[in-house]
Amino acid sequence: MPLKALLMAGALALMGLALAQEGVDPREEAKRQKQLLLETAGILPTELIVEQGKDLFNRKGPSGKTMAECDFGLGKGVLEGAAARLPRYFLDTGKVEDLDSRIITCMTRVQGFKPAQVKRSEVVAVAFYIASHSTGKPIQVRLLFPEERALYALGEKLFYARSGARDVGCATCHVTYVGKRAGVLPYADVLGKDKSWTHWPAYRYSNDQIWTMQDRIRACYGNIAHPQPDLYSLPILALELFLAYSNNGAVVEEWPAFVR
Amino acid sequence: MKRLAVMVAGLVLLGLGLSQVSPFRARLEAVLHQGGHEFAQVMLSQDKGQALCSQYRDKLPADLIPGFLAEQKALIKYPQSGKLLGDWKNGEKVFTDPKRGNCYACHAGVASEVAHGTMGPPLTDYGQRGTLEAVVRYTYEKIYNAWAYVPCSLMYRGGVHGLFTPEETADLVAFLLDPNSPINRR
Chain A
67 MPLKALLMAG ALALMGLALA QEGVDPREEA KRQKQLLLET AGILPTELIV
117 EQGKDLFNRK GPSGKTMAEC DFGLGKGVLE GAAARLPRYF LDTGKVEDLD
167 SRIITCMTRV QGFKPAQVKR SEVVAVAFYI ASHSTGKPIQ VRLLFPEERA
217 LYALGEKLFY ARSGARDVGC ATCHVTYVGK RAGVLPYADV LGKDKSWTHW
267 PAYRYSNDQI WTMQDRIRAC YGNIAHPQPD LYSLPILALE LFLAYSNNGA
317 VVEEWPAFVR
Chain B
20 MKRLAVMVAG LVLLGLGLSQ VSPFRARLEA VLHQGGHEFA QVMLSQDKGQ
70 ALCSQYRDKL PADLIPGFLA EQKALIKYPQ SGKLLGDWKN GEKVFTDPKR
120 GNCYACHAGV ASEVAHGTMG PPLTDYGQRG TLEAVVRYTY EKIYNAWAYV
170 PCSLMYRGGV HGLFTPEETA DLVAFLLDPN SPINRR
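Each protein sequence line maps, in turn, to chains A and B. 67 is the number of the first residue of the first sequence in the numbering used here; add one for each residue after it. 20 is the number of the first residue of the second sequence in the numbering used here; add one for each residue after it.
Only chain A is shown next, with the shape it has when bound in the complex (with noise of 0.2 Å):
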C-alpha cells in the first residue's frame, strides 16, 4: 500500500519535527502538525481509516448482515450523532456499552463473528468510521437507567482513587495538577475547561498510533506504572461514562480527532 509506506514516512518526518517543538500551545502545534501531514501525503491518516472503517461497516458477515442492520444506540443503522451519545444502556444486552464494545455487540450478536475473530484494529477503524458522523455534535450522556447510575458513581470512585506503588489516580495530575507537566504536555482538565472526552478517538502523530479513548485510559494507568485495567472491562466503561458525563454539552470539534 503505497499510500501508508508515504503515509509512514510523512509521519516520521513529522516526529522529528514534533522533537523539536517544545513550549508550544500543543493544540495549536496539532492543528499544525496537522495541515504538514495533509501537504505532505494529501491524506490524513485519520481520514484513512475512517474509509477502513466504512468499508468493515458495509463488509456482510457470517450472518450476511452488514453493520447497518446494528442499532448503536439511535435505531437500526443510524450513525449521525450516535457516538456523542454513548455510553449509554442497551436492553439488547442488558448492559451499558460504549462505541468500541458496541461495534463487538453488532459484530458477535447480528453479523455473527465469533468473539475470537474480532480484531482490535477492526473495532478501532469501525469506531473511527461511527464517530466521524457526530463530527460538530453536543456530547449528550445520560444517567437513566439504574445501571448507568451505578456505572457512572464507580467510575466516580475510581477516577479519585488513589492506589499503587506511586500513590496516584487519575484526579491527581487531572483535577490538583492541571497545567504543570511531568512530560511535554501540561495535564489536561479533563472534567473542566479541556472537555478530553470529545479528544477521542483520535490519531496521535507523535508515535503514529490510532486510539479509542480505551486506549487512552489504559495508556495514563501504564504512564504511572500501574497495573492496567483489560481492554473492553467495567473499570473503563465506568471512567468512560463518568467522564463523558462530565463533558455533556460539550461540542465535538472531530472526531476522530488529530491530537499530539
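None of the hints are false.
Think about it this way: if two alpha-carbon atoms lie no more than 30 Å apart in a straight line, the pair counts; the simulated DSSO-like pairs of lysine-lysine are: (1) B:K67 / A:K246; (2) A:K246 / B:K118; (3) B:K118 / B:K102; (4) A:K161 / A:K126; (5) A:K246 / B:K112; (6) A:K246 / B:K161; (7) A:K246 / B:K78; (8) A:K259 / B:K78; (9) A:K246 / B:K92; (10) A:K97 / A:K259.
Simulated from the structure, these hints should not be mistaken for lab results.
On the provided structure of chain A, position chain B as indicated by the hints.
Then chain B, alone, in the frame of chain A:
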C-alpha cells in the same frame, strides 16, 4: 409504540433502582475484578493513607490531619548505620532512574538537564539550605515518605513502597545537599 414500551420499561427500572439500597462496595469489587487480576489486586489493596486521600479527594478534614501525619511518620525506616547523608553519586542514579526515584518526572534538578516536569518545585541548588541535622532529617523523611509532611501530596511515598531503600534514600539526600553534587554546582 416501541418507544413507549422502552420508556415504560425504563421508568420501571428507574423506580426499582431508586428503591434499593445499593451494596456499593460489593459492586465496586465485582467491577474491579473484571478489569483483570493485577489491576484488581492493586486497587483493592489500598492502604489506610491511600483510602483516606481517595475518600476526601486529597483534602483531608483538619481534625484528621495530625493523626494522618503521625501515622505516616511511623512508616519511615532509617538506615541501620544511622547515616542520613549518603553517597551523592549513587543518589544521582536513583534520582534519575524512572523505576526508583523518577524525580525528573516532576522536579528540575541539575541545571543542565532540561527534560524535567513542573509538578513539583525545582530542586536546583537545593544544597543552599546547608547540612544542619534538621535539614538533613527533614530532607530524608520528605523523600522517604512525603505524606508525613504534606497529606495526600502528589509526591509518592517511594521509601514506604520500597521503590528505594533507606540507604538509597540517604544517597538521594546527599545528591540534594552535598556541595559537590551537580545539583549544587554549575
